[in-house]
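Please build the complete structure, drawing on both the sequences and the hints.
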Amino acid sequence: MSTFDFLLQGLLVAAQPMNLLYALIGVTLGTAVGVLPGIGPALTVALLLPVTYRLDPAGSLIMFAGIYYGGMYGGSTTSILLNTPGESSSIVTALEGNKMARNGRGGPALATAAIGSFVAGLIATIGLAFIAPAIVKLALVFGPREYFALMVLAFVTVSSAFGDSTLRGLTSLFIGLALALIGIDQLTGQTRLAFEVPDLLDGIEVTTLAVAMFAIGETLFIAAQGNTGPDKVEAVKGSLWMTAADWARSWKPWLRGTIIGFPIGAMPAGGAEIGTFLSYATEKRLTKHPEEFGNGAIEGVAGPEAANNASAAGTLVPLLTLGLPTTATAAIMLAGFQQYGLQPGPLLFATNPQLVWGLIASLLIANFMLLVLNLPLIGLWVRLLTIPKPWLYAGILLFATLGTIGANPSVFELGMLLAFGVMGYMMRVFGYPIAPVVVGLILGPLAEQQLRRALAISQGDFTVLVTSPIAAVLLAIAALALIVPLILRARGRGEVLGQLAASED
Amino acid sequence: MSLDHPNKVEQRRPDWAALVIAAVLVAIAAVIYLDASRLREVTGYSPVGPATVPGAVAVVLLGLAIWTVIAAFRGDFPERERQEVGPVVWIVGGLAAQMLLLNTAGFSIATGVLFAATAAGFGRRKLWISLPLGIVLCLVVWLIFAGLLQLSLPAGPLEQLFL
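Read top to bottom, the protein sequences are chains D and W. Going by UniProt numbering, the first sequence opens with residue 1, and the numbers climb by one from there. Going by UniProt numbering, the second sequence opens with residue 1, and the numbers climb by one from there.
There's no promise every hint is true.
Claimed, not checked - Okay, derived cross-link-like pairs now, SDA-like style, lysine to any residue, Cα gap no bigger than 20 Å in a straight line:
no., chain 1, residue 1, chain 2, residue 2
1, W, Lys126, D, Trp391
2, D, Lys389, W, Gly86
3, D, Lys389, D, Gly226
4, D, Lys137, D, Met267
5, D, Lys389, W, Leu131
6, W, Lys126, D, Gly226
7, D, Lys389, W, Pro132
8, D, Lys389, W, Arg80
9, D, Lys389, W, Trp128
10, D, Lys389, W, Val88
11, D, Lys137, D, Pro263
12, W, Lys126, D, Pro388
13, D, Lys389, W, Val89
14, D, Lys389, W, Val85
15, D, Lys284, D, Asn295
16, D, Lys389, W, Arg125
17, D, Lys252, D, Phe293
18, D, Lys389, W, Lys126
19, D, Lys389, W, Leu137
20, W, Lys126, D, Leu398
21, W, Lys126, D, Ile387
22, D, Lys389, W, Val92
23, D, Lys389, W, Glu84
24, D, Lys389, W, Ile129
25, D, Lys389, W, Val69
26, D, Lys389, W, Leu133
27, W, Lys126, D, Gly395
28, D, Lys389, W, Gln83
29, W, Lys126, D, Asn295
If you're looking for bench data, these hints aren't it; they were derived computationally from the structure. In this text, all values refer to a predicted model and were calculated from it rather than measured experimentally.
Written out as structure tokens, the structure reads:
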């Protein structure tokens, strides 16, 4: 069967009423959390993991993917109207978008962001559908050592290639890897680091860690900044519609943003932020109105927003075809697959094509829903921004603890939630990135399994890791991704990397 | 999520907080290493086993601790913004209260306390408003999630009224 047939079959799955409903819930929730500062798609998916445990796998995965896409749309609204990016991947949008809103052009800024996201999401999802089968074929020749090398590459790019310190990125990653050791060893059944505590035998719950790090850590950090006064929300003045000139200036940046964002998301290169920065730089160089950049140029909103959504779709390529998450949200979605006993990868395309293609097709549908949700209903989302902080964060903690209690109503679990929450707060205070901890916890056991399988085949000979050309190349790239930024920072050129920090929440 | 960049490095005294972080890393490395040596004894000699990766993680953590000490003496850590202690105490206290109250007072009262404490941390100190508000809100949440979605949330005296 060709990709088209698979995609059509997937559309049939996605068009089932229940799955449409899940997609709608997902994109609505995703937009809401994207709009609200302080919570992001990674946290939301983590919160929903225990709640969706009893639901049907296809439905909940469709919902999770909808949250991911929705978060990317919603983040732009906050950036444009509040100048506080809702998501780290919307930082660039705030540069020009907020200026546009202050000049009374908030409507066209929101419109170009939403339509750009739609165009990019559509093209990138189709790209995902056509590239995935090719990568699945490639992945079939991958053995344990190639997978291990790939995971090492993901570890490096998530933790230390970007961000402002190699040391702190690696420390975060290894704290995650250390937490991943806790519990029963999957290959031998030996208990590690559980100290006879029965609650630790199953290891640290991904949900508990993610909720603590993202929700509680962030809440404590915001609260500790003291009362900074209410944020200023720019009212949407004038027409929401784009003029002919706006269209003419937007369509090329949309396409360029898509072309930049998709491959960056698809490579294990850590986060959507990088694509948005590159797209902004490209638009700034190519524009016919350089004087407007810095004062609200529409290209500076259109390009990065498209890049942002295209890389969200791109992230699903390694996640679905290789089981390799490259962002915190993707890592938690992987945990979502695992809770149903599914392991994304080449095998899943063969054993469960209905689910995979249903998921991909539902993203196309979700994109249409998001366009409707984000253009005519924009006023509703803007109102979310006016919730006073005390009630907003009190509500966030209510739902954050609800997820953990729902999964396991034990005092021990809540104690861990509190401990990791305080840890997340301290890490923010000292400038440690959060995403590597979560990625380390989820990907750590998988990497260990592959490593030990590879070494078991070679009977303990470590050189086997570099004697396969694919693995050797991947490890070499990983080494470069570790060393080059280190040299750049030592020479005082680290500023740029700091701005690209993959601090996705 | 903050947009600020680390301030320029300047010469100052060793960063004591960073030294504490290094000490914590050493402690974690030591615990992992001890556990790994226990495992090596249990599983006997084999080149690759359950102790291989923990051993490696412990060694890297030790290396990172040394690197942190060097960074602390060179003043490489970004300057920290002043943190308000009060709000943190309110919220941590709220979470601790929820943890201790959960199985006796039930979901709504325990989480209502957390709700009010968090709002207090953000400056809404009128507990006689926020506490009842939080408890009622949590009861509604309990009715939806425990009643309709069959999530097992602990029931206390308040929830018993609806069972």
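Now for the hints, and whether the structure bears them out:
Distance check on the hinted pair: Lys126 of chain W and Trp391 of chain D sit about 13 Å apart at the alpha-carbon level, within 20 Å; holds. Taking the CA atoms of Lys389 of chain D and Gly86 of chain W, the gap is near 16 Å; set against the 20 Å cutoff, the hint holds. In summary, the hint linking Lys389 of chain D to Gly226 of chain D is supported, as the alpha carbons are separated by about 12 Å, within the 20 Å threshold. Proposed proximity of Lys137 of chain D and Met267 of chain D is supported: the alpha carbons are some 17 Å apart, at most 20 Å.
For the hint pairing Lys389 of chain D with Leu131 of chain W, the CA-to-CA distance comes to about 16 Å; that is within 20 Å, so the pair holds. The suggested pairing of Lys126 of chain W with Gly226 of chain D holds, with an alpha-carbon distance near 18 Å, which does not exceed 20 Å. For a cut-off of 20 Å, the pair hint linking Lys389 of chain D to Pro132 of chain W stands: about 19 Å separates their Cα positions. A threshold of 20 Å between alpha carbons decides the hint, and for Lys389 of chain D with Arg80 of chain W the separation of about 23 Å lies outside it, so the pair is violated.
Simply put, Lys389 of chain D and Trp128 of chain W have alpha-carbon atoms about 19 Å apart, close enough for the 20 Å limit, and the pair holds. With a C-alpha separation of about 15 Å, the suggested pairing of Lys389 of chain D with Val88 of chain W holds against the 20 Å cut-off. A C-alpha spacing of about 18 Å is found between Lys137 of chain D and Pro263 of chain D, which places the hinted pair at or below 20 Å, so the restraint holds. Annotation: proposed proximity of Lys126 of chain W to Pro388 of chain D holds, straight-line Cα distance about 15 Å (limit 20 Å).
Only pairs whose Cα atoms come within 20 Å are accepted, and Lys389 of chain D paired with Val89 of chain W is accepted, the gap being roughly 17 Å. Between Lys389 of chain D and Val85 of chain W the CA atoms are separated by roughly 18 Å; this keeps the pair inside 20 Å, and the hint holds. Proposed proximity of Lys284 of chain D and Asn295 of chain D is supported: the alpha carbons are some 12 Å apart, at most 20 Å. A hinted pair counts as satisfied when its Cα atoms are at most 20 Å apart, and Lys389 of chain D with Arg125 of chain W qualifies at roughly 13 Å.
With a C-alpha separation of about 16 Å, the suggested pairing of Lys252 of chain D with Phe293 of chain D holds against the 20 Å cut-off. Only pairs whose Cα atoms come within 20 Å are accepted, and Lys389 of chain D paired with Lys126 of chain W is accepted, the gap being roughly 15 Å. Of the supplied pair hints, the one linking Lys389 of chain D and Leu137 of chain W holds, its CA atoms being roughly 17 Å apart against a limit of 20 Å. With a CA separation close to 18 Å, the supplied pair Lys126 of chain W and Leu398 of chain D stays within the 20 Å bound.
Between Lys126 of chain W and Ile387 of chain D the alpha-carbon distance is near 18 Å, which keeps this suggested pair within the 20 Å criterion. Of the supplied pair hints, the one linking Lys389 of chain D and Val92 of chain W holds, its CA atoms being roughly 17 Å apart against a limit of 20 Å. About 16 Å separates the Cα atoms of Lys389 of chain D and Glu84 of chain W, which keeps this hinted pair within 20 Å; it holds. A C-alpha spacing of about 16 Å is found between Lys389 of chain D and Ile129 of chain W, which places the hinted pair at or below 20 Å, so the restraint holds.
Taken as a hint, the Lys389 of chain D and Val69 of chain W pair is broken in the structure, with Cα atoms around 38 Å apart against an allowance of 20 Å. Only pairs whose Cα atoms come within 20 Å are accepted, and Lys389 of chain D paired with Leu133 of chain W is accepted, the gap being roughly 16 Å. With a CA separation close to 17 Å, the supplied pair Lys126 of chain W and Gly395 of chain D stays within the 20 Å bound. Restraint check for Lys389 of chain D and Gln83 of chain W: satisfied, since their Cα atoms lie roughly 18 Å apart, inside the 20 Å limit.
A hinted pair counts as satisfied when its Cα atoms are at most 20 Å apart, and Lys126 of chain W with Asn295 of chain D does not qualify at roughly 43 Å.
Consistency with the previously given hints fails for numbers 8, 25 and 29, ordered from lowest to highest.
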